[in-house]
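Trainee: Protein chains in written order, with this note's numbering: chain A, 1 to 146; chain B, 1 to 146.
Hints listed in this document are in silico derivations from the structure and should not be mistaken for laboratory results.
Don't take each hint at face value.
Copies of the same chain look alike in the list, so a pair counts if it fits in one copy or across any two.
To be verified - Under the rule of at most 20 Å between Cα atoms (straight-line distance), these lysine to aspartate or glutamate pairs were calculated in the EDC-like manner: (1) 80 x 121; (2) 105 x 35; (3) 68 x 117; (4) 29 x 143.
2 protein chains.
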Amino acid sequence: MPNNQFKKSELYSFITGVASTAIARRLQKKFNQADLSLTIEQWSVLYHLWKEDGISQQDLCKATFRDKPSMTRLVDNLEKAGMVKRIPSRSDRRKNLIYLTERAKEIQDTCYGFAEETVEEALSGVSQDKIEVCKEVLKVVYENLR
Amino acid sequence: MPNNQFKKSELYSFITGVASTAIARRLQKKFNQADLSLTIEQWSVLYHLWKEDGISQQDLCKATFRDKPSMTRLVDNLEKAGMVKRIPSRSDRRKNLIYLTERAKEIQDTCYGFAEETVEEALSGVSQDKIEVCKEVLKVVYENLR
DNA sequence: TTTGGTTAGTTGTTAAAACAACTATATGCC
DNA sequence: GGCATATAGTTGTTTTAACAACTAACCAAA
Chain A
1 MPNNQFKKSE LYSFITGVAS TAIARRLQKK FNQADLSLTI EQWSVLYHLW
51 KEDGISQQDL CKATFRDKPS MTRLVDNLEK AGMVKRIPSR SDRRKNLIYL
101 TERAKEIQDT CYGFAEETVE EALSGVSQDK IEVCKEVLKV VYENLR
Chain B
1 MPNNQFKKSE LYSFITGVAS TAIARRLQKK FNQADLSLTI EQWSVLYHLW
51 KEDGISQQDL CKATFRDKPS MTRLVDNLEK AGMVKRIPSR SDRRKNLIYL
101 TERAKEIQDT CYGFAEETVE EALSGVSQDK IEVCKEVLKV VYENLR
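Construct the complete structure from the given sequences, taking the supplied hints into account.
Mentor: Below, the structure is given as structure tokens:
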């Protein structure tokens, strides 16, 4: 058996996502401490809407790598929290277009700052070169399995 | 602002764990297709028990990076599925020691093969050097945030 | 040996994930 | 136009995640 094989089999943490779980928990704590009642999942939806809103739930599914029922419920909860509004599309009556509320726009910078802070903490002591390699590998993994 | 900072802030996929989610889903599919009614979370518990069983739920919490209530329920379900048994510790009556059943021992090699296969598929085209860098970075992240 | 703090595990609750099954609308082909 | 198929979104169900609050048992110090 080539050495290659053996090493790959030890990638338990890759499968279980221990690192991303740790980062997500840290970010969640920052949200809680700032009394932003926002889950990481909700944040991940807002993250894309801050770049561009007025997109469909289906677009958000692709962006966040989640299925349609999950998105329905995430948007439900974001709507209850007063962060987004569903506006029926006029060109395609099957679609909801999701728009940010003023409240959601207000918290954008705060949330962005917390995310930045969290990633800084997580990657402290890691060289930029290595970070680039990781980003690259994570992207390949995503492409390989899509 | 140093270039360094800007790049880190773009690590959305690090926080959301898109890659590990993709890997976990792929592995879950293999389990389902083989009629192994086993969730990834249950598998992650068995993964450690296959190395050493007769350990406490608390030990499993540390190993799998989950909290105590989550482990109670995972062990509940593994017990229902006939994969493990709780045996009260004689030296410390607070503790349950978790033992594998014969059934769990039987499926070890099959599960291990599926995990190996999945990681192979995920990392196809990625050099061993880069994989090593990733493992290293993920470990540092975990240490930084623990 | 009693008291106070710690550790192991369980229960309750809310949000989310994944899958199947469903409705409604759109689209492409005859 | 009418029908088959695809797409957008919702609902139902089961399992998990995370947190708080709880019980039971252990341990150490007065």
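Trainee: Now tell me, hint by hint, if it's right for this structure.
Mentor: We went through each hint and held it up to the structure:
Taking CA atoms no more than 20 Å apart as the test, residue 80 paired with residue 121 passes in neither setting, with 32 Å inside one copy and 40 Å between copies. Only within a single protomer do residue 105 and residue 35 lie at most 20 Å apart by alpha-carbon distance; the minimum there is 16 Å, versus 47 Å between protomers. In this homomeric assembly, residue 68 and residue 117 never come within 20 Å of each other (Cα to Cα): the closest approach is 31 Å inside a single copy and 28 Å across copies. Within a single copy, residue 29 and residue 143 get their C-alpha atoms only as close as 31 Å, which misses the 20 Å cut-off; across copies the closest is 17 Å, which meets it.
In the structure shown, a violation is registered for the earlier hints numbered 1 and 3, in ascending order.
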